[in-house]
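K.L.:
In case you want the letters, here they are:
6 protein chains.
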Amino acid sequence: MTDDKKLKEIEAKIGKIPQIFKDLKDLSPEMYEMLVDLDNMIWADGALSRKVKKIIAIAVAAALRDTHAVKEQTAGAKKLGVTDEEIEEGLRVSFLLAGMPSYMYGKIAVKDVMKRE
Amino acid sequence: MTDDKKLKEIEAKIGKIPQIFKDLKDLSPEMYEMLVDLDNMIWADGALSRKVKKIIAIAVAAALRDTHAVKEQTAGAKKLGVTDEEIEEGLRVSFLLAGMPSYMYGKIAVKDVMKRE
Amino acid sequence: MTDDKKLKEIEAKIGKIPQIFKDLKDLSPEMYEMLVDLDNMIWADGALSRKVKKIIAIAVAAALRDTHAVKEQTAGAKKLGVTDEEIEEGLRVSFLLAGMPSYMYGKIAVKDVMKRE
Amino acid sequence: MTDDKKLKEIEAKIGKIPQIFKDLKDLSPEMYEMLVDLDNMIWADGALSRKVKKIIAIAVAAALRDTHAVKEQTAGAKKLGVTDEEIEEGLRVSFLLAGMPSYMYGKIAVKDVMKRE
Amino acid sequence: MTDDKKLKEIEAKIGKIPQIFKDLKDLSPEMYEMLVDLDNMIWADGALSRKVKKIIAIAVAAALRDTHAVKEQTAGAKKLGVTDEEIEEGLRVSFLLAGMPSYMYGKIAVKDVMKRE
Amino acid sequence: MTDDKKLKEIEAKIGKIPQIFKDLKDLSPEMYEMLVDLDNMIWADGALSRKVKKIIAIAVAAALRDTHAVKEQTAGAKKLGVTDEEIEEGLRVSFLLAGMPSYMYGKIAVKDVMKRE
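Respectively, the protein sequence lines represent chains A, B, C, D, E and F.
Numbers 25 to 141, taken from the working numbering, label the letters of the first sequence in order.
Numbers 25 to 141, taken from the working numbering, label the letters of the second sequence in order.
Numbers 25 to 141, taken from the working numbering, label the letters of the third sequence in order.
Numbers 25 to 141, taken from the working numbering, label the letters of the fourth sequence in order.
Numbers 25 to 141, taken from the working numbering, label the letters of the fifth sequence in order.
Numbers 25 to 141, taken from the working numbering, label the letters of the sixth sequence in order.
Calculated from the structure, these hints are not laboratory results.
Misleading hints may appear alongside valid ones.
[Claimed, not checked] No farther apart than 16 angstroms at their CA atoms in a straight line, the calculated lysine to aspartate or glutamate pairs in the EDC-like style are these:
{"id": "1", "chain 1": "B", "residue 1": "K135", "chain 2": "E", "residue 2": "E33"}
{"id": "2", "chain 1": "D", "residue 1": "K135", "chain 2": "B", "residue 2": "E110"}
{"id": "3", "chain 1": "C", "residue 1": "K49", "chain 2": "A", "residue 2": "D47"}
{"id": "4", "chain 1": "D", "residue 1": "K135", "chain 2": "B", "residue 2": "E109"}
{"id": "5", "chain 1": "B", "residue 1": "K49", "chain 2": "D", "residue 2": "E54"}
{"id": "6", "chain 1": "C", "residue 1": "K49", "chain 2": "C", "residue 2": "D27"}
{"id": "7", "chain 1": "F", "residue 1": "K46", "chain 2": "F", "residue 2": "E33"}
{"id": "8", "chain 1": "E", "residue 1": "K102", "chain 2": "E", "residue 2": "E112"}
{"id": "9", "chain 1": "C", "residue 1": "K75", "chain 2": "D", "residue 2": "E110"}
{"id": "10", "chain 1": "F", "residue 1": "K75", "chain 2": "E", "residue 2": "E110"}
{"id": "11", "chain 1": "C", "residue 1": "K135", "chain 2": "F", "residue 2": "D50"}
{"id": "12", "chain 1": "A", "residue 1": "K135", "chain 2": "C", "residue 2": "E35"}
{"id": "13", "chain 1": "B", "residue 1": "K135", "chain 2": "E", "residue 2": "E112"}
{"id": "14", "chain 1": "E", "residue 1": "K49", "chain 2": "B", "residue 2": "E112"}
{"id": "15", "chain 1": "A", "residue 1": "K49", "chain 2": "F", "residue 2": "E109"}
{"id": "16", "chain 1": "D", "residue 1": "K49", "chain 2": "E", "residue 2": "D50"}
{"id": "17", "chain 1": "A", "residue 1": "K139", "chain 2": "C", "residue 2": "D27"}
{"id": "18", "chain 1": "B", "residue 1": "K75", "chain 2": "A", "residue 2": "D28"}
{"id": "19", "chain 1": "E", "residue 1": "K139", "chain 2": "D", "residue 2": "D47"}
{"id": "20", "chain 1": "A", "residue 1": "K135", "chain 2": "C", "residue 2": "E109"}
{"id": "21", "chain 1": "E", "residue 1": "K103", "chain 2": "E", "residue 2": "D47"}
{"id": "22", "chain 1": "C", "residue 1": "K29", "chain 2": "A", "residue 2": "D50"}
{"id": "23", "chain 1": "D", "residue 1": "K75", "chain 2": "C", "residue 2": "D47"}
{"id": "24", "chain 1": "D", "residue 1": "K139", "chain 2": "B", "residue 2": "D61"}
{"id": "25", "chain 1": "E", "residue 1": "K135", "chain 2": "D", "residue 2": "E109"}
{"id": "26", "chain 1": "E", "residue 1": "K75", "chain 2": "F", "residue 2": "E110"}
{"id": "27", "chain 1": "F", "residue 1": "K37", "chain 2": "F", "residue 2": "E54"}
{"id": "28", "chain 1": "F", "residue 1": "K49", "chain 2": "C", "residue 2": "D47"}
{"id": "29", "chain 1": "C", "residue 1": "K75", "chain 2": "C", "residue 2": "D27"}
{"id": "30", "chain 1": "C", "residue 1": "K135", "chain 2": "F", "residue 2": "D47"}
{"id": "31", "chain 1": "A", "residue 1": "K75", "chain 2": "B", "residue 2": "E110"}
{"id": "32", "chain 1": "E", "residue 1": "K49", "chain 2": "B", "residue 2": "E109"}
{"id": "33", "chain 1": "F", "residue 1": "K139", "chain 2": "A", "residue 2": "D47"}
{"id": "34", "chain 1": "A", "residue 1": "K49", "chain 2": "F", "residue 2": "E112"}
{"id": "35", "chain 1": "E", "residue 1": "K135", "chain 2": "D", "residue 2": "E110"}
[Said to hold, decoys possible] Here are some of the chain F residues that sit facing chain E, going by a computed Cβ distance under 10 angstroms:
{"id": "36", "residue": "L31"}
{"id": "37", "residue": "L51"}
{"id": "38", "residue": "P53"}
{"id": "39", "residue": "V60"}
{"id": "40", "residue": "L62"}
Beta carbons are placed, not taken as given, at the ideal position from N, Cα and C, and that holds for glycine.
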C-alpha cells in the first residue's frame, strides 16, 4: 500500500493529521514509516470505536497537561463527530485523576477549536 | 441521602471502592463528604457509559505511570464487565501519548488483577 | 447562599478568579457548582493560612511545569499580599524536588505578573 | 565547617536524612558536597519557616505522585512537629492541582509514618 | 526474519529484555510485533551508540520518576558494559532538569542491580 | 574565580546561557551562586562528553514535555556542534519511554532553532 493511501486511512481514523506528522516524511522517513503503521493500528475501530479512542486521547493529553496535544486531539475528534458532552465527561475523569488544571485546559481547547473551525 | 447509600451508589458505578477512600471517613470527614459527591457525579452514566469512563480512567492512570491507580481502576473495571480487549485498546492510546512503560504497567495490572480475583 | 456570594468568597480567598472558571458557569453548570464548593473548602483559612496555601499552590504548579497555573496562582497570591521572598523560598523547594526549570518558570511568572499588574 | 557538622545542620532543618543521601558520601562525593550545601540553603528558616517548607515539600511530592518522597518528607515533618491538620490542608492543594490520587498517597504516607515511628 | 531472531537482535542491543515484553507475545501479538520492530529500530547503533542510548534511557526514566523503568534500563546497560561513572553523569542531568529524587532513584537502581547480578 | 569567568565557563560547556539564568544574578543572588557552581560541575566533560550530556538533556526535556527547556537545550547543543542525527536518535528514546508528543516537540524545537539562528 502506498504511503499516501496509508495517510488517508489515518486521516479517516483520527479526523485530522497534525502538520508536524506530515513534515516527518522528510525530516525522518524511517520514523515516519513506523508511526504511520503504528497510528493505523492504534486508531482502528476494534473493541473500542475510533470515537471512544479520541475521547480517551483527549482525557489522557489533558491529564498530562499537554495543551498542544489536547488541541490536536480535539480538532480531530470534532471532525469525527465527537460531541462536547462526551469530551466533558471524559475530562471529568482527568479532573479526578489529574487535577483541576487538566480539566480546564481541556475546556479551553474545546472553546478554541470551536472558534477556529 | 445517607452516606452509606451514597457509598453503595458509588460502588455500583465504579465497581470497587479503594480502602483508603473508606478510611477517609474518619481521617478527614469534610474531604470524604466532598469526594463522595464528586465521585457520584463523575462516574454516573451520561453521555458516556460508566464502562467507558473506567476505560478512560485506566488509560489516564497508565499514562501518568500511576501503577497504584491503574490497579484500583482495573479491579473496578473488571467488576463492571469491561473486557481485556477494551482495556488493551485504551492502553494503546496511552502507549502512543505517554510511552511504552505506560502501556506495560497497564498490562501488568490486568494480569495481577486477574490472578488476584 | 447565592452563587455570586460564593464566588465573592472564593475571590477573597484566592485573590483572583481565572476567566475560564467564570466561563464554566455556562459551559458546565454542574461542574461549576461542585468546583465552587470545593474551592471554598480548600482555600479557607484553617490550620494553614490562605497565604501559605497560595505559596504551596505556586510551588506545586511550578513542580508540575504548569506555567499557566503558576501565573494564575501568582497573580492571586500578589493580591493577597504574599511577598516575592516567600514565593522564592517556596520555589526553592520545587527546584530541589522537581528541577531547575520548575524554579525558573516560577521566577518568570513572578516577573510577568509584576509587569502586568 | 566539617561535613559532619553540616549534616547535623541539615538534620535539624529537615527532621530526618534519608539513607541514600548518607550513602552518597561514598557513591558520589562531589555530588554529596554540592547537595549538602544546597540542602543547607534551601531548608533554612527564612521568609518561610522550615515547618512551612516541609508542608510545601509534602504537597509537591504528592502532586508528583512520588510516594517515596512523600514518605521521606512526612517522616521528617513529623520530627519537626508539623501537625496532621497542616499536612491535610497542604494535600488538599495537591488534590486540586494534581488530582485525587495525589491526595490519597499523602494520606497513606501519613498513616504509614505514624504506624512506623 | 523469524520472531526469535528479532528478539535475539533486540537483546544484543538493549542487554536484557524485560519479562513483560516477552509475555506480550501471547497477551497482545499485534502490539508485540509492532514493538519488536520499533525496538529494533530505536536501539540500533547509529549516530549514537547503543551504549549512549542506554545512558539516555536511564536518565529519561529517572527524570520521569519511573523507578521500574530505571531498574530495567540499568540492568540492560550493565550487560552492555556501561560504567557507573557514565550513569552517574547522565543522572546529574536528570537531577538538574527533574530534581533530586530523580537522581536518587537512579543511584538506588544502580545499587540494586549491582547487588542482584 | 570571579562570577563572570564562571559564567564564561558555563557558556563554553552548554553553548548558550538562557536569559532567565542571567537575570537571576539580581533576582536571587544566593540561588544564582549555587546554580553557577552546579552547572559548572554537571556540564563538564568527564565520563561523558558535554555533547553527549546535551543530547541527554534534550531527550529528558522532551520526555518531560517541557518545550521551553527543549528549545533552550537544542539552541545550546547546536552551538556545541551536536548534529540533527544525534538529536533525532536521542528523541527516539524519548518517544519509546514518553510517547509520540515528546518526540514531536523535540522535532519542532530543532526546526525552530534552525530557522532562528
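K.L.:
Hint by hint, note whether the structure agrees.
P.N.:
Consistency of the hints with the structure:
1. A hinted pair counts as satisfied when its Cα atoms are at most 16 angstroms apart, and K135 of chain B with E33 of chain E does not qualify at roughly 27 angstroms.
2. Between K135 of chain D and E110 of chain B the CA atoms are separated by roughly 36 angstroms; this puts the pair beyond 16 angstroms, and the hint is violated.
3. Distance check on the hinted pair: K49 of chain C and D47 of chain A sit about 40 angstroms apart at the alpha-carbon level, beyond 16 angstroms; violated.
4. For the hint pairing K135 of chain D with E109 of chain B, the CA-to-CA distance comes to about 37 angstroms; that exceeds 16 angstroms, so the pair is violated.
5. Distance hint between K49 of chain B and E54 of chain D is unfulfilled; the C-alpha atoms sit about 48 angstroms from each other, more than 16 angstroms.
6. Between K49 of chain C and D27 of chain C, the direct Cα distance comes to roughly 10 angstroms. Compliance with the 16 angstroms bound is thereby established for this hinted pair.
7. For a cut-off of 16 angstroms, the pair hint linking K46 of chain F to E33 of chain F stands: about 14 angstroms separates their Cα positions.
8. With a CA separation close to 13 angstroms, the supplied pair K102 of chain E and E112 of chain E stays within the 16 angstroms bound.
9. For the proposed pair K75 of chain C and E110 of chain D, the alpha carbon gap of about 13 angstroms is at most 16 angstroms, so the pair holds.
10. Annotation: proposed proximity of K75 of chain F to E110 of chain E holds, straight-line Cα distance about 13 angstroms (limit 16 angstroms).
11. For the suggested pair K135 of chain C and D50 of chain F, the alpha carbons sit about 12 angstroms apart, so the restraint of at most 16 angstroms is met.
12. The straight-line distance between the Cα atoms of K135 of chain A and E35 of chain C is roughly 24 angstroms, outside the 16 angstroms bound, and the hint therefore fails.
13. For the hint linking K135 of chain B to E112 of chain E, the alpha-carbon distance of about 34 angstroms lies beyond 16 angstroms, and the restraint is violated.
14. With a C-alpha separation of about 14 angstroms, the suggested pairing of K49 of chain E with E112 of chain B holds against the 16 angstroms cut-off.
15. With a CA separation close to 15 angstroms, the supplied pair K49 of chain A and E109 of chain F stays within the 16 angstroms bound.
16. Under the criterion of a C-alpha separation no larger than 16 angstroms, the hint pairing K49 of chain D with D50 of chain E is inconsistent with the structure, at around 46 angstroms.
17. Among the hinted pairs, K139 of chain A with D27 of chain C is inconsistent with the structure: their alpha-carbon atoms are about 28 angstroms apart, more than 16 angstroms.
18. Note on K75 of chain B and D28 of chain A: the hinted pairing is violated, with a Cα-Cα distance of about 36 angstroms set against a maximum of 16 angstroms.
19. Only pairs whose Cα atoms come within 16 angstroms are accepted, and K139 of chain E paired with D47 of chain D is accepted, the gap being roughly 15 angstroms.
20. The hinted pair formed by K135 of chain A and E109 of chain C fails the criterion: a straight-line CA distance of about 37 angstroms is larger than 16 angstroms.
21. A hinted pair counts as satisfied when its Cα atoms are at most 16 angstroms apart, and K103 of chain E with D47 of chain E does not qualify at roughly 22 angstroms.
22. Taken as a hint, the K29 of chain C and D50 of chain A pair is broken in the structure, with Cα atoms around 57 angstroms apart against an allowance of 16 angstroms.
23. A hinted pair counts as satisfied when its Cα atoms are at most 16 angstroms apart, and K75 of chain D with D47 of chain C does not qualify at roughly 37 angstroms.
24. At most 16 angstroms may separate the alpha-carbon atoms for a hinted pair to count; K139 of chain D and D61 of chain B exceed this at roughly 30 angstroms.
25. This hinted pair does not check out: K135 of chain E and E109 of chain D have alpha carbons roughly 37 angstroms apart, beyond 16 angstroms.
26. At roughly 13 angstroms between alpha-carbon atoms, K75 of chain E and E110 of chain F fall within 16 angstroms of each other, so this suggested pair holds.
27. For the hint linking K37 of chain F to E54 of chain F, the alpha-carbon distance of about 22 angstroms lies beyond 16 angstroms, and the restraint is violated.
28. A distance of roughly 40 angstroms separates the Cα atoms of K49 of chain F and D47 of chain C; the hinted pair therefore is violated under the 16 angstroms criterion.
29. A threshold of 16 angstroms between alpha carbons decides the hint, and for K75 of chain C with D27 of chain C the separation of about 24 angstroms lies outside it, so the pair is violated.
30. For the suggested pair K135 of chain C and D47 of chain F, the alpha carbons sit about 10 angstroms apart, so the restraint of at most 16 angstroms is met.
31. A threshold of 16 angstroms between alpha carbons decides the hint, and for K75 of chain A with E110 of chain B the separation of about 13 angstroms falls inside it, so the pair holds.
32. At roughly 15 angstroms between alpha-carbon atoms, K49 of chain E and E109 of chain B fall within 16 angstroms of each other, so this suggested pair holds.
33. Of the pairs offered as hints, the one joining K139 of chain F and D47 of chain A holds, with about 15 angstroms between alpha carbons and a cut-off of 16 angstroms not exceeded.
34. Note on K49 of chain A and E112 of chain F: the hinted pairing holds, with a Cα-Cα distance of about 14 angstroms set against a maximum of 16 angstroms.
35. A C-alpha spacing of about 36 angstroms is found between K135 of chain E and E110 of chain D, which places the hinted pair above 16 angstroms, so the restraint is violated.
36. A distance limit of 10 angstroms between C-beta atoms decides the matter here; for L31 of chain F the minimum to chain E is near 16 angstroms, and the interface restraint is violated.
37. The closest approach between the C-beta of L51 of chain F and any C-beta of chain E is roughly 19 angstroms, which is over the 10 angstroms cut-off, so the hint fails.
38. Of the supplied interface hints, the one on P53 of chain F is violated, with its beta-carbon coming no nearer than about 20 angstroms to a beta-carbon of chain E, more than 10 angstroms.
39. Taking 10 angstroms as the C-beta contact cut-off toward chain E, the hint placing V60 of chain F at the interface is violated, the least distance being around 13 angstroms.
40. Annotation: L62 of chain F was flagged as interfacial toward chain E, and the flag holds, the nearest CB pair being 7 angstroms apart, inside 10 angstroms.
The earlier numbered hints that this structure contradicts are 1, 2, 3, 4, 5, 12, 13, 16, 17, 18, 20, 21, 22, 23, 24, 25, 27, 28, 29, 35, 36, 37, 38 and 39.
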